[in-house]
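Engineer: Spelled out from the first residue to the last, the chains are:
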Amino acid sequence: MTPDVFLRGVCATIEEAWRADGASLPSALLRWATDAARLSPFLRLPLLTCEATGGDPAYAIPVAAAWHLLHCAAALLDDVEDQALEVPLDPARVVNWATALTFAAQLLLRRPARWGLPAALALALSEAFNSASLRVCAAQDADLVAGPEGDLSLDDYWRIAGAKGGEPLALACRAGAMLGTRPQTEVDIYATFGYHLGVLVQLGDDLHALWAPRGRGDLTTAGRTLPVVYALTVALPDARVRLHSLLRRAPDDPAALCELQAALANQGALHYVTLQAGKQHHLAREALLSAARPAVAQHELIKLLDAAFPAVARERWASPSRVSPND
Amino acid sequence: MTTFGSFASQQMVDADFRAALTTDPEAALATRGLPLSPAERAALARLRPLLALPAESLLQHLLEEPDGDPWQWDSYPSLAAYLP
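Here the protein sequences come in this chain order: A and B. Here the working numbering is used: the first residue of the first sequence is 1, the next is one more, and so on. Here the working numbering is used: the first residue of the second sequence is 1001, the next is one more, and so on.
Since the hints were made in silico from the structure, they are not lab data. Note that beta-carbon positions come from the ideal geometry of N, C-alpha and C, so glycine has one too. Treat the hints with care, as some may be off.
Derived DMTMM-like pairs: lysine to aspartate or glutamate, alpha-carbon spacing no greater than 25 Å straight-line [unchecked claim]:
#, chain 1, residue 1, chain 2, residue 2
1, A, K303, B, E1064
2, A, K303, A, D35
3, A, K303, A, E286
4, A, K303, B, E1065
5, A, K303, A, D188
6, A, K303, A, D78
Covered by chain A, according to a simulated footprint, are these stretches of chain B (three or more residues, beta-carbon under 8 Å) [unchecked claim]:
#, region
7, 1042-1049
8, 1053-1064
9, 1077-1083
Between the sequences and the hints, there should be enough to build the whole structure, so can you do that?
Structural biologist: Below you can see the structure in the form of structure tokens.
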């Protein structure tokens, strides 16, 4: 199935769910969700993992649509909880919209006959979606309890990043693989790939939030990023106090942001993130290569993995001569 | 915390250790009694050229996006722009 055909199918499926049973939710939200589908680098994961395990690509369309709606809901709720909504968005309405997106996702999974899915498989998919969602919610709660300035340990960080970053993409890959294979061990391989891919994306997000922020919102939650959590973990007491002060000022003070960036780099945060990204990339790749069925789809999954954090992509560093210390 | 996490949190602030690590990672790690898993060792070995860079150069590599926009969780369009 070509990416264009798949995308059109997903968008049509979302529209169908949106208008189900006479519901008349805002059309603006539907347009946003379908446009987001067109931009999402993650949408193809259920398709590729379905194809990699020999499944019927047509089944991947409703599964990807359900996953995307749930992901959109999570993105909206995250913005509400981070108090990062743009004007004129009203938090109460956005929570209601996120709830609607969640139910629309459930509706897609609850109509297996519509898509020709075996009922038992649809039930198993629904369980996978709900279980993963609960784990994400639990991690979000831990994140909220920590507050915007963090006070997270590295253990806390990895637990939260795994649940908030890893679980959603693990679900996308798990659900796709379930469409093509029965053995749990093979499904788990693709879920593991998705999990590490998701954590890798989170590390890239953290890096961009600090060194290429798109707005004030990125900086108000910088205390929960890996570079900051790491630096606060290893810094001496005086440096910790300084880091906390810079974190508070950085969203509104460019000089404080520059000093914060330099302090993090001096603590080795960039090298630490690089190592951790390399580890996540390696684990994702090794999981995928352990699958019993090498396929074109697997090659595509590797390409997605490399694109998620290009700096640590495997082939780039095959030769030490690629980069000199003076680069 | 994982062994690798413990290692990194203890050692990444040590510039001398970082230099040794890029020259002979296994030996550098052995002197500190820090066994790594095969996956961690492979990642470390593969990224040696990258890790040898000073922070400023490393940052340039980390932020480069050779194939379009970066993958980010919230790279979706702004919902506010869709409202009347």
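Engineer: Which numbered hints are broken by the structure, listed smallest first?
Structural biologist: When the structure is compared with the hints, only number 6 turns out to be violated.
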